[in-house]
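> Going down the list, the sequences are from chains S, C and U. Residue numbers for the first sequence follow the numbering used here, so the first one is 57 and each next one is one higher. Residue numbers for the second sequence follow the numbering used here, so the first one is 298 and each next one is one higher. Residue numbers for the third sequence follow the numbering used here, so the first one is 151 and each next one is one higher.
Possibly wrong hints are sitting among the right ones.
For the chain U half of the interface with chain C, some residues (derived, Cβ under 8 Å), not all of them [what the hints assert, rightly or not]:
{"id": "1", "residue": "Thr-192"}
{"id": "2", "residue": "Leu-194"}
{"id": "3", "residue": "Thr-197"}
{"id": "4", "residue": "Gly-221"}
{"id": "5", "residue": "Thr-223"}
Derived lysine-lysine pairs resembling DSS-like cross-links, with alpha carbons at most 25 Å apart [claimed, not checked]:
{"id": "6", "chain 1": "C", "residue 1": "Lys-337", "chain 2": "C", "residue 2": "Lys-539"}
{"id": "7", "chain 1": "S", "residue 1": "Lys-210", "chain 2": "C", "residue 2": "Lys-313"}
{"id": "8", "chain 1": "S", "residue 1": "Lys-245", "chain 2": "U", "residue 2": "Lys-165"}
{"id": "9", "chain 1": "U", "residue 1": "Lys-208", "chain 2": "U", "residue 2": "Lys-219"}
{"id": "10", "chain 1": "U", "residue 1": "Lys-175", "chain 2": "U", "residue 2": "Lys-165"}
{"id": "11", "chain 1": "U", "residue 1": "Lys-175", "chain 2": "U", "residue 2": "Lys-198"}
{"id": "12", "chain 1": "U", "residue 1": "Lys-219", "chain 2": "U", "residue 2": "Lys-170"}
{"id": "13", "chain 1": "C", "residue 1": "Lys-313", "chain 2": "S", "residue 2": "Lys-114"}
{"id": "14", "chain 1": "U", "residue 1": "Lys-208", "chain 2": "S", "residue 2": "Lys-210"}
{"id": "15", "chain 1": "U", "residue 1": "Lys-159", "chain 2": "U", "residue 2": "Lys-176"}
{"id": "16", "chain 1": "S", "residue 1": "Lys-162", "chain 2": "S", "residue 2": "Lys-238"}
{"id": "17", "chain 1": "S", "residue 1": "Lys-238", "chain 2": "U", "residue 2": "Lys-208"}
{"id": "18", "chain 1": "S", "residue 1": "Lys-238", "chain 2": "S", "residue 2": "Lys-88"}
{"id": "19", "chain 1": "U", "residue 1": "Lys-165", "chain 2": "S", "residue 2": "Lys-243"}
{"id": "20", "chain 1": "S", "residue 1": "Lys-107", "chain 2": "C", "residue 2": "Lys-313"}
{"id": "21", "chain 1": "S", "residue 1": "Lys-279", "chain 2": "S", "residue 2": "Lys-107"}
{"id": "22", "chain 1": "S", "residue 1": "Lys-245", "chain 2": "U", "residue 2": "Lys-159"}
{"id": "23", "chain 1": "C", "residue 1": "Lys-360", "chain 2": "C", "residue 2": "Lys-313"}
{"id": "24", "chain 1": "C", "residue 1": "Lys-310", "chain 2": "S", "residue 2": "Lys-279"}
{"id": "25", "chain 1": "U", "residue 1": "Lys-198", "chain 2": "U", "residue 2": "Lys-159"}
{"id": "26", "chain 1": "C", "residue 1": "Lys-458", "chain 2": "U", "residue 2": "Lys-238"}
{"id": "27", "chain 1": "S", "residue 1": "Lys-245", "chain 2": "S", "residue 2": "Lys-256"}
{"id": "28", "chain 1": "C", "residue 1": "Lys-464", "chain 2": "U", "residue 2": "Lys-198"}
{"id": "29", "chain 1": "S", "residue 1": "Lys-279", "chain 2": "C", "residue 2": "Lys-313"}
{"id": "30", "chain 1": "C", "residue 1": "Lys-672", "chain 2": "C", "residue 2": "Lys-536"}
{"id": "31", "chain 1": "C", "residue 1": "Lys-582", "chain 2": "C", "residue 2": "Lys-628"}
{"id": "32", "chain 1": "U", "residue 1": "Lys-208", "chain 2": "S", "residue 2": "Lys-243"}
{"id": "33", "chain 1": "U", "residue 1": "Lys-198", "chain 2": "U", "residue 2": "Lys-238"}
{"id": "34", "chain 1": "U", "residue 1": "Lys-175", "chain 2": "S", "residue 2": "Lys-243"}
{"id": "35", "chain 1": "C", "residue 1": "Lys-337", "chain 2": "S", "residue 2": "Lys-88"}
{"id": "36", "chain 1": "U", "residue 1": "Lys-198", "chain 2": "C", "residue 2": "Lys-458"}
{"id": "37", "chain 1": "S", "residue 1": "Lys-114", "chain 2": "C", "residue 2": "Lys-458"}
{"id": "38", "chain 1": "C", "residue 1": "Lys-628", "chain 2": "S", "residue 2": "Lys-114"}
{"id": "39", "chain 1": "U", "residue 1": "Lys-219", "chain 2": "C", "residue 2": "Lys-458"}
{"id": "40", "chain 1": "C", "residue 1": "Lys-310", "chain 2": "C", "residue 2": "Lys-337"}
To be clear, the hints were calculated from the coordinates, so they are not data collected in a lab. Bear in mind the structure is a predicted one, so any value in this text is a computation, not a measurement. Note that the Cβ used here is the ideal one computed from N, Cα and C, for glycine as well.
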Amino acid sequence: MIVDKMEQSLRPVETPMAPYPPKVITMANGQKLVIRQIRRDEVPHILEAVKPLMTVEKDFYDVVASRIYSELLGYYRYRVKDEYCLIGTIDGVIAGLVNGRMVDDKVGMSYHTMTLIQGLRIGAQLFAAKMEYHLDILKQEEVWVVAESPNGFKRWMIEYELESRPEIWHELGGVPTYVLTKALWEKHKGDKLAGRRPVKEELLKTADNPILPETYSQIPGYKRCGK
Amino acid sequence: MREVGIVGIGHTKFGKMSGGSFTDMLCMAAVEALDDAGVKTVDGQHGIDQVFVATMGAGILNKQSGIASGLVDTLNLRPAMAETIENGPASGASAIKLGYMAIASGMCDAVLVVGGEMMRVVSGWEGTDFVATMLHPEAEYDYGITLPTLAGMFTRLCMEKYGITEKDLAIVSVKNHENALHNPVAHLHTVPDLYSITEDEDAGIINPYVASPLRLYSVCPVSDGAAAVLLCAMDKAEKFAKKPIKIAGIGQATDTHAVAEREIPTDLLAVRLAAQRAYEMAGLKPKDIDVAELHDAFQILEIVESEEVGFFNRGEGHIAARNGETRIGGKIPINTSGGLKAKGHPLGATGVSQVVEIVKQLRGEATGRQVEGAKAGLAVNFGGFGNNVVATILTKEEE
Amino acid sequence: MDEKMYAYKCTACGKLHHPKHYVCKKCGSRTFEAVPLEGEVTLLTYTKVYNLPEGYMKPYLYFGIVEFKNGLTVSGQLEVSDPIIGMKLISSVGVIKEGTNSDHYGFIFK
Chain S
57 MIVDKMEQSL RPVETPMAPY PPKVITMANG QKLVIRQIRR DEVPHILEAV KPLMTVEKDF
117 YDVVASRIYS ELLGYYRYRV KDEYCLIGTI DGVIAGLVNG RMVDDKVGMS YHTMTLIQGL
177 RIGAQLFAAK MEYHLDILKQ EEVWVVAESP NGFKRWMIEY ELESRPEIWH ELGGVPTYVL
237 TKALWEKHKG DKLAGRRPVK EELLKTADNP ILPETYSQIP GYKRCGK
Chain C
298 MREVGIVGIG HTKFGKMSGG SFTDMLCMAA VEALDDAGVK TVDGQHGIDQ VFVATMGAGI
358 LNKQSGIASG LVDTLNLRPA MAETIENGPA SGASAIKLGY MAIASGMCDA VLVVGGEMMR
418 VVSGWEGTDF VATMLHPEAE YDYGITLPTL AGMFTRLCME KYGITEKDLA IVSVKNHENA
478 LHNPVAHLHT VPDLYSITED EDAGIINPYV ASPLRLYSVC PVSDGAAAVL LCAMDKAEKF
538 AKKPIKIAGI GQATDTHAVA EREIPTDLLA VRLAAQRAYE MAGLKPKDID VAELHDAFQI
598 LEIVESEEVG FFNRGEGHIA ARNGETRIGG KIPINTSGGL KAKGHPLGAT GVSQVVEIVK
658 QLRGEATGRQ VEGAKAGLAV NFGGFGNNVV ATILTKEEE
Chain U
151 MDEKMYAYKC TACGKLHHPK HYVCKKCGSR TFEAVPLEGE VTLLTYTKVY NLPEGYMKPY
211 LYFGIVEFKN GLTVSGQLEV SDPIIGMKLI SSVGVIKEGT NSDHYGFIFK
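Excised from the complex, chain S in its bound form (with noise of 0.2 Å):
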């Protein structure tokens, strides 16, 4: 697209932002989970795995996938200022992805955390490495943090010991926030964060082209049809 003065001024500044290095974790059923990050150009291919959850009630999959479905097409079409996406994938297919943006050096918030194919927890890991990139690599203090549904809240409110902080408001709807600080990442990365580094060369291949996957179990009966 032609980037003209309006196109300019329509666009937040992007703020250099260190990449996330991929990492490898081990499922317990043995498969490999690779997770990287997500150029920009990705976005409408990604959008495509995320698009069939859009109307699913339960779990919160239809907030939580419309939410990131905008907020992905609003990093793709530059109207979120430093925002990045996480992919996880397994045997090449995308299993779940992660979202947030830096506020500011200090400051990242997160966006959110959505799991594709169920059973392995892949979204406890997924979220782990969010909150390694923010703390970890770009080297921030604090990530704000809200949850959508029940499993969220428990899963990082109470897992994490979140510290409340009902006085400053998220951007997703402005809900009472809680906080990952650093000393709270300290403390709980040990028993959350897993990953070896560096990849494979052959295995980081295989997340080069992320597949879609052909069926959602959150989804009975939903089958991709090819294009």
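Got chain S sorted already, so can you dock chains C and U onto it with the hints?
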């Protein structure tokens, strides 16, 4: 007392029921058992005298009481007698026991027993809380103690006393998952990789503690499901489609409610007594058993139960598991169905599901996981945390 | 307010019980007197539980079974950073569950 046999079996796929009511789920298992036995569900022709429904949560989780009475009507089995039986996770075996007594006493000729639970309609929190209601109210429940808490403490004691390791529990878990691959009705059809859940650098994170030293892959999942058996008097069995499998022995025993009050904390006394009584009634010994379904809500239980029922000496069950003696093809295959670990554990259904698996084994219908020439099987259904245990022995009659 | 925990002593034969039983475990009698249950205990077993029930907002809790000097074996919550089987602890009474109408009090071993 008349002899009692099983002539029909039914079993839904355990896991997450998508759609349908609790009663619908029970009906699916019930009609499969009735069809298996060749029963016509027509008024005046069905010949069913009594229906027992085994469930712990229908009233609490699914807001339905008197469920057996409703089931009789919707299955067109009126005016059969009907009751709902509750004995925690041992409801299934208890219901079969009562069915046995109804026929053995001469009061009934044919009894349908259906066990079921629909637990995934509530959150994990509520599910854990519901299961904890069977614990001692003041000494355990009020403390926030749950079944995994009790299992964790028991496991640690057994590890201290007998040298059982976390890896031993994982070995049992992997075996059960492998068995479940050949059981179409099992909840889980994935197999954990032993190295990944025990020794890999990230094993501690992807296989985290639930209640130390029990890890995620050593505790059973939360499942929906139903299973059914049709019992009949052996002397009236010819009118059914298949040859009966005989209920040769039943034993049951209770122990202290508060686990802290158990006399020997590493013993499962109720399991030992229940099994002894069942063996006595059947006129059999542990070595006569060819296949067993042992209640493994926590993998430590499979190991200790295998000792308390007399398959191995105390403190040697984990060594037998390490050596593959409890695998299919081994000395005494345990949990060929996948056990509660991989087949799933809808509380009220489990006791019936275990008996269904033994019947399949004795009939030679356990495709892909068949124990060759199995003639006698044992099922142990564990209620509460071992304070009420029912053991059932089935045998195949000689031709 | 100082909450106390009690053992129940059979008035006929003296056998101690905790928790309460309706009928004496030893002689079958039905009357008991409440005797304070407190003091030093030995830790018999413990567990660190991560999946807590409804209403417990902590990431984990330690639970254990202990033995009092009088021989009674009892379960309770633990406030110990590194439990070891055989260690000596002191019994205390605290809120073990926050209720909507009233809190539940029970053993917390430290």
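> Does each hint fit the structure? Answer for all of them.
Results of checking the hints against the structure:
no.	hint	verdict
1	Thr-192	violated, 13 Å
2	Leu-194	holds, 7 Å
3	Thr-197	holds, 3 Å
4	Gly-221	violated, 11 Å
5	Thr-223	holds, 5 Å
6	C:Lys-337 - C:Lys-539	holds, 14 Å
7	S:Lys-210 - C:Lys-313	holds, 21 Å
8	S:Lys-245 - U:Lys-165	violated, 50 Å
9	U:Lys-208 - U:Lys-219	violated, 31 Å
10	U:Lys-175 - U:Lys-165	holds, 8 Å
11	U:Lys-175 - U:Lys-198	violated, 31 Å
12	U:Lys-219 - U:Lys-170	holds, 18 Å
13	C:Lys-313 - S:Lys-114	holds, 13 Å
14	U:Lys-208 - S:Lys-210	holds, 9 Å
15	U:Lys-159 - U:Lys-176	holds, 11 Å
16	S:Lys-162 - S:Lys-238	holds, 11 Å
17	S:Lys-238 - U:Lys-208	holds, 19 Å
18	S:Lys-238 - S:Lys-88	violated, 28 Å
19	U:Lys-165 - S:Lys-243	violated, 47 Å
20	S:Lys-107 - C:Lys-313	holds, 24 Å
21	S:Lys-279 - S:Lys-107	holds, 13 Å
22	S:Lys-245 - U:Lys-159	violated, 49 Å
23	C:Lys-360 - C:Lys-313	holds, 18 Å
24	C:Lys-310 - S:Lys-279	holds, 21 Å
25	U:Lys-198 - U:Lys-159	violated, 32 Å
26	C:Lys-458 - U:Lys-238	holds, 20 Å
27	S:Lys-245 - S:Lys-256	holds, 24 Å
28	C:Lys-464 - U:Lys-198	holds, 18 Å
29	S:Lys-279 - C:Lys-313	holds, 19 Å
30	C:Lys-672 - C:Lys-536	holds, 23 Å
31	C:Lys-582 - C:Lys-628	holds, 15 Å
32	U:Lys-208 - S:Lys-243	holds, 15 Å
33	U:Lys-198 - U:Lys-238	holds, 18 Å
34	U:Lys-175 - S:Lys-243	violated, 47 Å
35	C:Lys-337 - S:Lys-88	violated, 52 Å
36	U:Lys-198 - C:Lys-458	holds, 19 Å
37	S:Lys-114 - C:Lys-458	violated, 45 Å
38	C:Lys-628 - S:Lys-114	violated, 46 Å
39	U:Lys-219 - C:Lys-458	holds, 22 Å
40	C:Lys-310 - C:Lys-337	holds, 24 Å
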